[in-house]
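Trainee: If you read the protein sequences in the order shown, they are chains B and C. Position 82 of the first sequence, counted from 1, bears residue number 82 in this note's numbering, the numbering being contiguous throughout. Position 60 of the second sequence, counted from 1, bears residue number 60 in this note's numbering, the numbering being contiguous throughout.
It should be emphasised that the hints constitute simulated quantities derived from the structure, not laboratory data. Careful: at least some of the hints might be erroneous.
[Said to hold, decoys possible] Taking lysine to any residue and the SDA-like style, the derived pairs with C-alpha atoms no more than 20 angstroms apart in a straight line are:
(1) Lys142(B) to Gly176(B)
(2) Lys142(C) to Val249(B)
(3) Lys142(C) to Arg248(B)
(4) Lys142(B) to Gln57(C)
(5) Lys142(B) to Val249(C)
(6) Lys142(C) to Gly176(B)
(7) Lys142(B) to Asn250(C)
(8) Lys73(C) to Thr105(C)
(9) Lys142(C) to Asn250(B)
(10) Lys73(B) to Lys142(B)
(11) Lys73(C) to Ala101(C)
(12) Lys142(B) to Arg229(C)
(13) Lys73(B) to Arg56(B)
(14) Lys142(C) to Arg232(B)
(15) Lys142(C) to Gln57(C)
Protein chains: 2
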Amino acid sequence: MSGRLVIVGLGPGAPGLMTHDAEAALAEASDILGYGPYLARLSPLPSQRLHASDNRQELDRARAALDLAASGKNVALVSGGDSGVFAMASAVFEAIETGEAAWCTLDVEVIPGITAMFAASARLGAPLGHDFCAISLSDNLKPWSLVESRLRHAALGDFVIALYNPASRARPWQLGAAFDVLRGILPPTAPVAFAQAISRPEERIEIFSLATADPGRADMRTLVIIGSRASRLIARPAARPWLYTPRRVNSA
Amino acid sequence: MSGRLVIVGLGPGAPGLMTHDAEAALAEASDILGYGPYLARLSPLPSQRLHASDNRQELDRARAALDLAASGKNVALVSGGDSGVFAMASAVFEAIETGEAAWCTLDVEVIPGITAMFAASARLGAPLGHDFCAISLSDNLKPWSLVESRLRHAALGDFVIALYNPASRARPWQLGAAFDVLRGILPPTAPVAFAQAISRPEERIEIFSLATADPGRADMRTLVIIGSRASRLIARPAARPWLYTPRRVNSA
């Protein structure tokens with residue numbers, strides 16, 4: 001087949017946090033598909049066709065992109081952040097596996113991007129400087145019992161924990177429940193950072209402790225980072241403290 | 001203080017995988033510090049001073065960068081990948097916390113980059129498409145017992161696992177020991193991908209199962225990804241299979 005599908009991560013929002021490869025792939029595309037607000041970030045050429053879709057329609061959007069590519073188009077499918085992290089790349093491969101046999105012969109390329117936890121980490125200092133994990137709190141596609149089990153093991157393993165999709169209007173209680181699981185294992189002093197809309201004009205960062213963190217501070221645009229037992233704050237005069245996790249862990 | 005320190009992640013190797021912000025920060029620097037091979041990737045201006053150092057001297061290099069910034073220079077400190085992930089940002093904040101009080105008043109900025117696991121994930125398909133963790137197998141700065149505990153909890157929590165620093169000449173046995181821990185918990189069919197020198201001319205990717213993975217295939221330039229119970233391979237005619245982890249996990 002002659003068509004091509006490129007799955008492109010746009011990064012957290014600021015154009016400066018896109019890669020050259022992502023920009024080049026977008027410039028070459030005949031058709032660009034994505035969730036409306038991501039498409040709104042682009043400056044398409046007059047010759048390019050944009051196809052906006054709703055947030056929840058990942059699998060349909062992936063199939064539409066594969067269909068267009070199979071018809072010979074040069075298709076770009078965009079995600080925020082890194083398209084491989086809780087985003088469109090996985091939906092595309094699911095669509096390929098469960099879809100038309102010929103889709104396996106398409107030229108499919110994934111172009112990585114800066115995912116929210118690294119953009120947030122950079123603003124905070126270096127909280128992900130040691131072993132860490134990323135967990136999506138959305139239970140739309142997995143049972144909540146699995147989320148709880150992962151939170152427990154992440155805390156018992158003393159990983160720094162990045163929580164994606166902590167809250168939305170349809171999922172208001174999950175972050176509070178996650179904090180409850182973690183409070184049973186981690187010390188109350190463990191730092192908890194709320195990083196909202198990083199690199200965008202409405203960026204907001206707040207740091208609490210696990211004992212005082214209010215889950216109501218999170219929304220769809222928030223990434224939450226919970227420190228390990230080793231994570232530390234460095235106080236600064238007249239500025240937010242830096243949060244980092246040292247590279248060294250001494251024997252217990 | 002008037003000086004400035006920017007900690008810049010260069011990405012996995014290909015210039016196309018750098019961000020605009022990283023490039024802009026490098027262009028503005030008067031002095032650029034880093035491990036020799038990372039500096040060799042740059043095209044410095046005639047006015048810029050390069051300071052190369054050895055791989056193991058992270059804390060000394062961080063202090064030298066802070067010293068230069070404190071003297072009024074515009075300093076860039078470079079890492080491969082993302083400087084916040086097993087790289088220089090954590091060393092800088094450790095140096096600040098344990099160093100001169102005035103360093104807390106410096107203008108320090110971290111610019112994120114594409115870290116090895118996302119570059120590898122993009123080439124493989126979407127193995128990090130669901131909850132995952134990153135563990136450094138280096139026991140230079142932490143006890144091996146902690147590494148084993150994290151591996152156990154990562155496997156019990158059914159995370160996809162990315163292993164950084166799996167092997168070096170000085171650390172030849174750690175990856176084999178890690179596979180032994182994982183074989184006690186994960187199924188022998190769990191996919192194991194070795195991604196070497198991603199985006200560089202010598203790039204090499206191999207996919208095995210946990211039962212057949214040979215730790216001798218890894219070196220300093222290798223990133224190892226071990227799938228969760230949900231991770232899947234999609235066979236392709238005349239090409240390496242795609243590896244991905246679905247977004248959906250059904251109730252047990």
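Trainee: Determine for every hint whether it applies to the structure shown.
Mentor: Hints, one by one, checked against the model:
1. Between lysine 142(B) and glycine 176(B) the alpha-carbon distance is near 18 angstroms, which keeps this suggested pair within the 20 angstroms criterion.
2. Straight-line distance between C-alpha atoms of lysine 142(C) and valine 249(B) comes to about 5 angstroms, which keeps the hinted pair within the 20 angstroms bound.
3. Taken as a hint, the lysine 142(C) and arginine 248(B) pair is honoured in the structure, with Cα atoms around 6 angstroms apart against an allowance of 20 angstroms.
4. With a C-alpha separation of about 44 angstroms, the suggested pair lysine 142(B) and glutamine 57(C) falls outside the 20 angstroms cut-off, and the hint is violated.
5. A C-alpha spacing of about 5 angstroms is found between lysine 142(B) and valine 249(C), which places the hinted pair at or below 20 angstroms, so the restraint holds.
6. A hinted pair counts as satisfied when its Cα atoms are at most 20 angstroms apart, and lysine 142(C) with glycine 176(B) does not qualify at roughly 32 angstroms.
7. With a C-alpha separation of about 6 angstroms, the suggested pair lysine 142(B) and asparagine 250(C) falls inside the 20 angstroms cut-off, and the hint holds.
8. Annotation: proposed proximity of lysine 73(C) to threonine 105(C) holds, straight-line Cα distance about 14 angstroms (limit 20 angstroms).
9. Our distance criterion of 20 angstroms between C-alpha atoms is met by lysine 142(C) and asparagine 250(B), whose separation comes to about 6 angstroms.
10. Simply put, lysine 73(B) and lysine 142(B) have alpha-carbon atoms about 34 angstroms apart, too far for the 20 angstroms limit, and the pair is violated.
11. A hinted pair counts as satisfied when its Cα atoms are at most 20 angstroms apart, and lysine 73(C) with alanine 101(C) qualifies at roughly 18 angstroms.
12. As the CA atoms of lysine 142(B) and arginine 229(C) are separated by approximately 14 angstroms, the hinted pair is consistent with the 20 angstroms bound.
13. A distance of roughly 24 angstroms separates the Cα atoms of lysine 73(B) and arginine 56(B); the hinted pair therefore is violated under the 20 angstroms criterion.
14. Distance check on the hinted pair: lysine 142(C) and arginine 232(B) sit about 17 angstroms apart at the alpha-carbon level, within 20 angstroms; holds.
15. Our distance criterion of 20 angstroms between C-alpha atoms is met by lysine 142(C) and glutamine 57(C), whose separation comes to about 17 angstroms.
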